Amino acid sequence: MTIINRFQPASKLATLALSAALLTACGGGGSDSETTDTGGDQAGNSLPALGANPEVCTQATGTTINLTALLEANCNNLSDYNLFADASDPTSGPNGRGLPFKLNTPLFTDYASKYRFVFVPDGEEATYSEHEVMDFPVGTVLTKTFALPADTANRAGEEDIIETRLLVKREAGWVALPYYWENENDARLLITGTTIAAELTHDGNVMSFDYGVPKASQCTACHAILTDGSKTFLPIGPKARFLNWDMDYGDGTPTNQLAKWEDAGILTGAPADKGTIDTAATFTDSDDPSAMTADEVELAARSYLDINCAHCHRAELTLPEGYSGAAGGSGLNIEFNRDMDAEPNKFGVCKAPLAGGLPTAPGELSTHPYAVVPGYPDVSYMPYRMNTNNARHRMPELGRATIHSEGVALINEWIERMPANTCGIPNL
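If you're matching positions, the sequence shown starts at 29 in this note's numbering and goes up one per residue.
Rather than coming from a laboratory, the hints here were simulated on the basis of the structure.
Treat the numbers as computed from the prediction; the structure is a model and nothing was measured.
We put the CB at the ideal spot given by N, CA and C, even for glycine.
Treat each hint with caution, since some may be false.
What the hints assert, rightly or not - In the EDC-like style, the derived pairs of lysine to aspartate or glutamate whose C-alpha atoms are separated by at most 20 Å in a straight line are:
no., residue 1, residue 2
1, Lys374, Glu326
2, Lys302, Glu290
3, Lys302, Glu344
Unchecked claim - Computed beta-carbon distance windows for the label pairs:
no., residue 1, residue 2, range
4, Asn211, Asp276, 26 to 32 Å
5, Met275, Asp316, 36 to 42 Å
6, Gly232, Glu83, 50 to 56 Å
7, Ala383, Pro348, 21 to 27 Å
Just need the whole structure built from these sequences, with the hints factored in.
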(Lines of atoms letter the chains of each structure in order from A and count residues from 1; the text may use other names and numbers.)
(Lines give C-alpha, C1' and ligand atoms only; values in the text may rest on other atoms or scores of the structure.)
Protein backbone atom coordinates (compact mmCIF):
# COMPACT_ATOMS: atom_id res chain seq x y z
CA MET A 1 0.00 0.00 0.00
CA THR A 2 1.24 3.45 -0.89
CA ILE A 3 -0.30 6.72 0.21
CA ILE A 4 1.65 9.63 -1.20
CA ASN A 5 -0.97 12.39 -0.95
CA ARG A 6 -1.20 12.96 -4.69
CA PHE A 7 -4.83 13.85 -4.17
CA GLN A 8 -6.20 16.97 -2.58
CA PRO A 9 -9.77 17.91 -1.62
CA ALA A 10 -11.60 19.38 -4.59
CA SER A 11 -12.83 22.93 -4.60
CA LYS A 12 -15.64 23.89 -2.23
CA LEU A 13 -17.86 24.58 -5.24
CA ALA A 14 -17.29 21.06 -6.62
CA THR A 15 -17.91 19.55 -3.21
CA LEU A 16 -21.20 21.40 -2.85
CA ALA A 17 -22.28 20.42 -6.36
CA LEU A 18 -21.56 16.73 -5.77
CA SER A 19 -23.26 16.79 -2.38
CA ALA A 20 -26.35 18.38 -3.88
CA ALA A 21 -26.49 15.74 -6.63
CA LEU A 22 -26.12 12.89 -4.18
CA LEU A 23 -28.70 14.28 -1.79
CA THR A 24 -31.17 14.84 -4.60
CA ALA A 25 -30.75 11.24 -5.70
CA CYS A 26 -31.32 10.08 -2.12
CA GLY A 27 -34.32 12.32 -1.62
CA GLY A 28 -32.77 14.15 1.29
CA GLY A 29 -30.82 17.18 2.32
CA GLY A 30 -28.31 18.20 4.88
CA SER A 31 -25.44 20.35 5.98
CA ASP A 32 -22.12 20.49 4.18
CA SER A 33 -20.37 20.62 7.56
CA GLU A 34 -19.06 17.22 8.66
CA THR A 35 -19.14 18.30 12.30
CA THR A 36 -22.83 19.16 12.37
CA ASP A 37 -24.34 16.21 10.48
CA THR A 38 -24.74 13.71 13.31
CA GLY A 39 -28.27 12.61 12.52
CA GLY A 40 -27.65 8.87 12.51
CA ASP A 41 -26.96 5.81 10.39
CA GLN A 42 -29.18 3.34 8.54
CA ALA A 43 -30.00 1.42 11.72
CA GLY A 44 -30.93 4.54 13.69
CA ASN A 45 -27.73 4.83 15.75
CA SER A 46 -26.38 8.30 16.45
CA LEU A 47 -23.15 9.16 14.69
CA PRO A 48 -20.47 10.53 17.02
CA ALA A 49 -19.28 14.10 16.86
CA LEU A 50 -15.71 14.17 15.64
CA GLY A 51 -13.33 13.84 18.56
CA ALA A 52 -15.98 12.32 20.85
CA ASN A 53 -15.04 8.65 20.38
CA PRO A 54 -17.06 6.20 22.52
CA GLU A 55 -14.95 4.43 25.14
CA VAL A 56 -15.65 1.02 23.62
CA CYS A 57 -13.80 2.11 20.47
CA THR A 58 -10.44 2.12 22.25
CA GLN A 59 -10.56 -1.35 23.82
CA ALA A 60 -9.14 -3.52 21.01
CA THR A 61 -5.92 -5.41 21.73
CA GLY A 62 -3.76 -7.92 19.89
CA THR A 63 -5.43 -9.67 16.96
CA THR A 64 -8.92 -9.76 18.48
CA ILE A 65 -11.56 -7.91 16.48
CA ASN A 66 -13.44 -5.34 18.55
CA LEU A 67 -16.85 -6.95 18.03
CA THR A 68 -18.45 -4.94 20.84
CA ALA A 69 -17.54 -1.69 19.12
CA LEU A 70 -18.74 -2.99 15.77
CA LEU A 71 -22.13 -3.83 17.26
CA GLU A 72 -22.53 -0.74 19.42
CA ALA A 73 -20.53 2.23 18.13
CA ASN A 74 -19.68 4.25 15.05
CA CYS A 75 -16.02 4.73 15.90
CA ASN A 76 -14.08 7.72 14.66
CA ASN A 77 -11.12 5.65 13.46
CA LEU A 78 -11.05 2.50 11.34
CA SER A 79 -8.32 1.08 13.58
CA ASP A 80 -10.69 1.16 16.56
CA TYR A 81 -12.36 -2.00 15.24
CA ASN A 82 -9.03 -3.86 14.91
CA LEU A 83 -10.06 -5.57 11.69
CA PHE A 84 -6.55 -5.72 10.21
CA ALA A 85 -3.21 -6.87 11.63
CA ASP A 86 -1.60 -3.69 10.34
CA ALA A 87 -3.93 -0.80 11.12
CA SER A 88 -2.37 1.22 8.31
CA ASP A 89 -3.05 -1.44 5.66
CA PRO A 90 -6.68 -2.45 4.96
CA THR A 91 -5.68 -4.42 1.85
CA SER A 92 -4.24 -7.50 3.58
CA GLY A 93 -3.82 -9.30 6.89
CA PRO A 94 -7.40 -9.57 8.20
CA ASN A 95 -7.78 -10.44 11.87
CA GLY A 96 -10.10 -13.11 13.21
CA ARG A 97 -11.74 -15.24 10.53
CA GLY A 98 -11.55 -12.50 7.92
CA LEU A 99 -11.24 -13.65 4.31
CA PRO A 100 -10.58 -11.67 1.13
CA PHE A 101 -13.06 -12.10 -1.71
CA LYS A 102 -13.35 -10.97 -5.32
CA LEU A 103 -16.31 -10.54 -7.65
CA ASN A 104 -16.01 -12.07 -11.11
CA THR A 105 -17.63 -8.99 -12.65
CA PRO A 106 -16.88 -6.03 -10.35
CA LEU A 107 -18.86 -2.82 -10.02
CA PHE A 108 -17.12 0.10 -11.73
CA THR A 109 -15.90 3.04 -9.65
CA ASP A 110 -13.60 5.40 -11.57
CA TYR A 111 -11.11 2.61 -12.40
CA ALA A 112 -10.36 2.13 -8.70
CA SER A 113 -8.86 -1.13 -7.46
CA LYS A 114 -10.96 -2.67 -4.68
CA TYR A 115 -9.91 -4.84 -1.76
CA ARG A 116 -12.83 -6.75 -0.25
CA PHE A 117 -12.97 -8.75 2.99
CA VAL A 118 -15.69 -10.62 4.85
CA PHE A 119 -15.59 -11.06 8.64
CA VAL A 120 -18.06 -13.49 10.24
CA PRO A 121 -18.01 -13.80 14.07
CA ASP A 122 -16.63 -16.96 15.67
CA GLY A 123 -19.18 -19.74 15.88
CA GLU A 124 -21.50 -18.12 13.31
CA GLU A 125 -22.24 -18.89 9.65
CA ALA A 126 -23.84 -17.15 6.73
CA THR A 127 -26.65 -19.03 4.98
CA TYR A 128 -26.46 -19.61 1.22
CA SER A 129 -29.00 -17.90 -1.04
CA GLU A 130 -29.52 -18.93 -4.66
CA HIS A 131 -30.22 -15.43 -5.99
CA GLU A 132 -30.02 -12.87 -3.19
CA VAL A 133 -27.13 -11.75 -0.99
CA MET A 134 -26.06 -14.34 1.57
CA ASP A 135 -27.99 -14.22 4.86
CA PHE A 136 -25.20 -13.05 7.16
CA PRO A 137 -25.39 -13.29 10.97
CA VAL A 138 -25.33 -10.31 13.30
CA GLY A 139 -21.74 -9.19 13.81
CA THR A 140 -20.72 -9.70 10.17
CA VAL A 141 -18.55 -6.99 8.61
CA LEU A 142 -17.94 -6.47 4.90
CA THR A 143 -15.07 -4.12 4.06
CA LYS A 144 -14.25 -2.58 0.70
CA THR A 145 -11.16 -0.43 0.27
CA PHE A 146 -10.84 1.79 -2.81
CA ALA A 147 -7.40 2.58 -4.22
CA LEU A 148 -6.64 4.63 -7.33
CA PRO A 149 -3.62 3.27 -9.24
CA ALA A 150 -1.15 5.63 -10.81
CA ASP A 151 -1.56 3.57 -14.00
CA THR A 152 -4.33 1.01 -14.49
CA ALA A 153 -1.94 -1.00 -16.66
CA ASN A 154 0.07 -1.75 -13.50
CA ARG A 155 -2.34 -2.26 -10.61
CA ALA A 156 0.38 -3.97 -8.59
CA GLY A 157 2.41 -0.77 -8.69
CA GLU A 158 1.94 2.63 -7.09
CA GLU A 159 -1.55 3.37 -5.81
CA ASP A 160 -3.30 5.73 -3.44
CA ILE A 161 -5.79 4.33 -0.96
CA ILE A 162 -8.70 6.75 -0.71
CA GLU A 163 -11.40 5.18 1.42
CA THR A 164 -12.55 2.04 3.23
CA ARG A 165 -16.28 1.42 3.44
CA LEU A 166 -17.74 -0.85 6.11
CA LEU A 167 -21.07 -2.65 6.08
CA VAL A 168 -21.78 -3.88 9.61
CA LYS A 169 -24.68 -6.23 10.43
CA ARG A 170 -26.14 -5.07 13.75
CA GLU A 171 -29.23 -6.21 15.62
CA ALA A 172 -31.31 -3.53 13.88
CA GLY A 173 -29.87 -4.28 10.42
CA TRP A 174 -27.00 -3.27 8.18
CA VAL A 175 -25.08 -0.03 8.79
CA ALA A 176 -22.77 1.67 6.28
CA LEU A 177 -19.74 3.60 7.56
CA PRO A 178 -17.29 5.35 5.16
CA TYR A 179 -13.71 5.92 6.34
CA TYR A 180 -11.40 8.34 4.55
CA TRP A 181 -7.60 7.86 4.39
CA GLU A 182 -6.34 11.41 4.75
CA ASN A 183 -2.93 10.10 5.87
CA GLU A 184 -1.02 6.82 5.82
CA ASN A 185 -1.60 5.90 9.47
CA ASP A 186 -5.36 5.52 9.83
CA ALA A 187 -8.71 6.30 8.23
CA ARG A 188 -11.34 8.42 9.95
CA LEU A 189 -15.11 8.32 9.77
CA LEU A 190 -16.15 11.00 7.29
CA ILE A 191 -19.75 11.78 8.10
CA THR A 192 -20.65 14.05 5.19
CA GLY A 193 -18.20 12.77 2.61
CA THR A 194 -15.89 14.78 0.39
CA THR A 195 -14.59 15.11 -3.15
CA ILE A 196 -10.95 14.68 -4.09
CA ALA A 197 -9.15 16.05 -7.13
CA ALA A 198 -7.79 12.81 -8.60
CA GLU A 199 -5.61 11.77 -11.50
CA LEU A 200 -4.61 8.44 -13.04
CA THR A 201 -3.39 7.03 -16.33
CA HIS A 202 -5.66 4.64 -18.20
CA ASP A 203 -4.95 3.13 -21.60
CA GLY A 204 -2.04 5.54 -21.92
CA ASN A 205 -4.16 8.62 -21.30
CA VAL A 206 -4.08 10.84 -18.21
CA MET A 207 -7.51 11.25 -16.64
CA SER A 208 -8.30 14.04 -14.15
CA PHE A 209 -11.59 14.01 -12.23
CA ASP A 210 -13.22 14.63 -8.85
CA TYR A 211 -13.50 11.38 -6.91
CA GLY A 212 -16.42 11.32 -4.47
CA VAL A 213 -16.28 9.78 -0.98
CA PRO A 214 -19.94 9.31 0.01
CA LYS A 215 -21.77 10.68 2.99
CA ALA A 216 -22.74 7.89 5.41
CA SER A 217 -26.47 8.38 4.89
CA GLN A 218 -26.15 8.39 1.09
CA CYS A 219 -25.34 4.68 0.90
CA THR A 220 -29.04 3.83 1.02
CA ALA A 221 -29.40 5.29 -2.50
CA CYS A 222 -27.94 2.08 -3.92
CA HIS A 223 -28.33 -0.40 -1.06
CA ALA A 224 -32.02 0.07 -0.25
CA ILE A 225 -34.81 -2.35 -1.18
CA LEU A 226 -38.13 -0.51 -1.03
CA THR A 227 -41.64 -1.50 -0.01
CA ASP A 228 -44.58 0.68 1.00
CA GLY A 229 -42.30 3.64 1.59
CA SER A 230 -39.93 1.79 3.92
CA LYS A 231 -36.37 0.74 3.18
CA THR A 232 -34.45 -2.47 3.83
CA PHE A 233 -30.69 -1.98 3.62
CA LEU A 234 -28.75 -4.85 1.97
CA PRO A 235 -25.24 -5.47 0.62
CA ILE A 236 -24.88 -5.83 -3.16
CA GLY A 237 -21.79 -7.86 -4.06
CA PRO A 238 -21.63 -11.09 -2.01
CA LYS A 239 -24.11 -13.14 -4.02
CA ALA A 240 -23.38 -16.69 -5.16
CA ARG A 241 -23.21 -15.75 -8.85
CA PHE A 242 -20.37 -13.29 -8.22
CA LEU A 243 -18.42 -15.57 -5.84
CA ASN A 244 -18.66 -18.90 -7.66
CA TRP A 245 -15.18 -18.76 -9.17
CA ASP A 246 -11.59 -19.41 -8.13
CA MET A 247 -9.34 -17.11 -6.13
CA ASP A 248 -5.72 -17.51 -5.08
CA TYR A 249 -5.54 -17.11 -1.30
CA GLY A 250 -1.77 -16.80 -1.28
CA ASP A 251 -0.72 -20.43 -1.55
CA GLY A 252 -0.59 -20.48 -5.34
CA THR A 253 -3.57 -22.83 -5.62
CA PRO A 254 -6.77 -21.22 -6.92
CA THR A 255 -9.77 -22.28 -4.80
CA ASN A 256 -13.49 -21.81 -5.38
CA GLN A 257 -14.54 -18.98 -3.06
CA LEU A 258 -17.80 -20.57 -1.94
CA ALA A 259 -15.93 -23.79 -1.11
CA LYS A 260 -13.33 -21.73 0.77
CA TRP A 261 -16.05 -20.05 2.82
CA GLU A 262 -17.49 -23.48 3.65
CA ASP A 263 -14.09 -24.84 4.67
CA ALA A 264 -13.54 -21.76 6.85
CA GLY A 265 -16.87 -22.41 8.60
CA ILE A 266 -18.48 -19.12 7.56
CA LEU A 267 -21.03 -20.45 5.01
CA THR A 268 -23.62 -23.19 5.10
CA GLY A 269 -26.29 -24.47 2.72
CA ALA A 270 -24.50 -24.10 -0.64
CA PRO A 271 -24.88 -26.89 -3.23
CA ALA A 272 -22.09 -29.47 -3.04
CA ASP A 273 -21.77 -29.28 -6.82
CA LYS A 274 -20.80 -25.66 -7.47
CA GLY A 275 -21.29 -26.29 -11.18
CA THR A 276 -25.05 -26.19 -10.64
CA ILE A 277 -24.94 -22.55 -9.49
CA ASP A 278 -25.86 -19.92 -12.08
CA THR A 279 -22.66 -17.90 -12.35
CA ALA A 280 -21.91 -14.42 -13.68
CA ALA A 281 -19.19 -13.87 -16.25
CA THR A 282 -15.58 -13.22 -15.40
CA PHE A 283 -15.16 -9.87 -17.13
CA THR A 284 -12.27 -7.41 -16.89
CA ASP A 285 -11.27 -4.27 -18.74
CA SER A 286 -8.70 -6.28 -20.71
CA ASP A 287 -11.40 -8.44 -22.32
CA ASP A 288 -12.31 -7.60 -25.92
CA PRO A 289 -16.05 -8.05 -26.49
CA SER A 290 -15.57 -8.17 -30.27
CA ALA A 291 -13.48 -11.33 -29.82
CA MET A 292 -16.12 -13.11 -27.72
CA THR A 293 -18.76 -15.53 -28.91
CA ALA A 294 -22.37 -14.36 -28.93
CA ASP A 295 -23.12 -16.37 -25.78
CA GLU A 296 -20.06 -14.92 -24.03
CA VAL A 297 -21.08 -11.37 -24.91
CA GLU A 298 -24.61 -11.91 -23.63
CA LEU A 299 -23.41 -13.44 -20.35
CA ALA A 300 -20.86 -10.66 -19.83
CA ALA A 301 -23.38 -7.91 -20.61
CA ARG A 302 -26.06 -9.40 -18.36
CA SER A 303 -23.50 -9.77 -15.56
CA TYR A 304 -22.26 -6.20 -16.01
CA LEU A 305 -25.78 -4.74 -15.93
CA ASP A 306 -26.62 -6.84 -12.89
CA ILE A 307 -23.73 -5.67 -10.70
CA ASN A 308 -23.73 -2.06 -11.91
CA CYS A 309 -27.43 -1.37 -12.34
CA ALA A 310 -29.78 -4.06 -11.03
CA HIS A 311 -29.49 -3.11 -7.34
CA CYS A 312 -31.77 -0.21 -8.35
CA HIS A 313 -33.34 -1.60 -11.53
CA ARG A 314 -35.09 -4.62 -10.04
CA ALA A 315 -38.62 -5.52 -8.99
CA GLU A 316 -39.92 -8.51 -7.06
CA LEU A 317 -38.87 -11.70 -8.95
CA THR A 318 -36.97 -13.26 -6.02
CA LEU A 319 -38.12 -10.55 -3.60
CA PRO A 320 -41.42 -10.57 -1.68
CA GLU A 321 -44.39 -9.10 -3.50
CA GLY A 322 -44.28 -5.31 -3.54
CA TYR A 323 -40.53 -5.05 -3.04
CA SER A 324 -38.26 -3.36 -5.58
CA GLY A 325 -35.06 -1.44 -6.05
CA ALA A 326 -35.07 2.35 -6.08
CA ALA A 327 -35.70 2.35 -9.85
CA GLY A 328 -37.84 -0.79 -9.93
CA GLY A 329 -40.88 1.19 -10.95
CA SER A 330 -39.20 2.38 -14.15
CA GLY A 331 -40.02 -0.92 -15.83
CA LEU A 332 -36.34 -1.49 -16.64
CA ASN A 333 -35.65 -4.57 -14.49
CA ILE A 334 -32.36 -6.21 -15.43
CA GLU A 335 -31.63 -8.78 -12.74
CA PHE A 336 -29.23 -11.55 -13.75
CA ASN A 337 -31.80 -14.27 -13.10
CA ARG A 338 -34.62 -12.64 -15.10
CA ASP A 339 -35.46 -14.37 -18.40
CA MET A 340 -34.71 -11.88 -21.16
CA ASP A 341 -36.28 -14.06 -23.87
CA ALA A 342 -39.57 -14.06 -21.96
CA GLU A 343 -39.46 -10.37 -21.01
CA PRO A 344 -37.31 -8.45 -23.52
CA ASN A 345 -39.06 -5.18 -22.66
CA LYS A 346 -37.77 -5.47 -19.07
CA PHE A 347 -34.26 -5.21 -20.51
CA GLY A 348 -35.12 -2.07 -22.43
CA VAL A 349 -35.88 -3.63 -25.82
CA CYS A 350 -38.11 -1.15 -27.66
CA LYS A 351 -38.92 0.40 -24.26
CA ALA A 352 -39.31 4.17 -24.00
CA PRO A 353 -37.52 5.60 -20.94
CA LEU A 354 -39.64 7.00 -18.14
CA ALA A 355 -36.93 9.37 -16.91
CA GLY A 356 -34.21 11.37 -18.61
CA GLY A 357 -34.65 11.00 -22.32
CA LEU A 358 -33.30 13.20 -25.05
CA PRO A 359 -35.54 16.04 -26.26
CA THR A 360 -37.35 15.59 -29.55
CA ALA A 361 -36.67 18.15 -32.22
CA PRO A 362 -39.79 19.70 -33.81
CA GLY A 363 -41.26 17.21 -36.26
CA GLU A 364 -38.64 14.56 -35.49
CA LEU A 365 -38.28 11.50 -33.29
CA SER A 366 -35.91 11.67 -30.37
CA THR A 367 -32.43 10.53 -31.38
CA HIS A 368 -32.58 7.90 -28.60
CA PRO A 369 -36.28 7.04 -28.18
CA TYR A 370 -35.80 3.55 -26.67
CA ALA A 371 -33.45 2.12 -24.08
CA VAL A 372 -32.38 -0.70 -26.40
CA VAL A 373 -32.91 -0.79 -30.16
CA PRO A 374 -31.66 -4.28 -31.09
CA GLY A 375 -28.87 -4.12 -33.65
CA TYR A 376 -28.54 -0.34 -33.27
CA PRO A 377 -26.44 0.71 -30.26
CA ASP A 378 -25.94 4.21 -31.71
CA VAL A 379 -29.63 5.05 -31.23
CA SER A 380 -30.09 3.08 -27.99
CA TYR A 381 -30.49 5.23 -24.89
CA MET A 382 -28.92 2.71 -22.46
CA PRO A 383 -25.33 2.96 -23.78
CA TYR A 384 -25.79 6.69 -24.32
CA ARG A 385 -26.51 7.11 -20.61
CA MET A 386 -23.43 5.07 -19.73
CA ASN A 387 -21.28 7.17 -22.07
CA THR A 388 -22.08 10.62 -20.72
CA ASN A 389 -21.46 12.64 -17.58
CA ASN A 390 -24.37 14.98 -18.30
CA ALA A 391 -26.26 15.08 -14.99
CA ARG A 392 -29.65 14.69 -16.64
CA HIS A 393 -28.80 11.57 -18.62
CA ARG A 394 -25.94 9.66 -17.04
CA MET A 395 -26.26 6.25 -15.46
CA PRO A 396 -25.42 5.18 -12.89
CA GLU A 397 -26.32 8.51 -11.32
CA LEU A 398 -23.99 7.93 -8.35
CA GLY A 399 -20.64 6.30 -7.78
CA ARG A 400 -18.68 7.46 -10.80
CA ALA A 401 -17.15 10.66 -12.15
CA THR A 402 -15.60 9.00 -15.21
CA ILE A 403 -16.96 6.97 -18.11
CA HIS A 404 -16.24 3.25 -18.14
CA SER A 405 -15.33 2.97 -21.81
CA GLU A 406 -14.86 -0.81 -21.61
CA GLY A 407 -18.31 -1.25 -20.10
CA VAL A 408 -19.82 0.94 -22.82
CA ALA A 409 -18.05 -1.14 -25.48
CA LEU A 410 -19.46 -4.34 -23.96
CA ILE A 411 -23.06 -3.09 -23.93
CA ASN A 412 -22.69 -1.72 -27.46
CA GLU A 413 -21.45 -5.12 -28.64
CA TRP A 414 -24.34 -6.85 -26.87
CA ILE A 415 -26.91 -4.63 -28.59
CA GLU A 416 -25.10 -4.85 -31.93
CA ARG A 417 -25.35 -8.65 -31.92
CA MET A 418 -29.06 -8.78 -31.12
CA PRO A 419 -31.34 -9.69 -34.04
CA ALA A 420 -32.11 -6.31 -35.61
CA ASN A 421 -35.40 -4.68 -34.66
CA THR A 422 -35.99 -1.04 -35.55
CA CYS A 423 -38.75 -0.75 -32.93
CA GLY A 424 -40.72 1.13 -35.58
CA ILE A 425 -38.13 3.90 -35.92
CA PRO A 426 -38.16 5.07 -39.56
CA ASN A 427 -35.08 5.24 -41.78
CA LEU A 428 -32.87 2.92 -39.70
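Can you give the numbers of the hints that this structure goes against, from lowest to highest?
-> Result: hints 3 and 5 break, sorted rising.
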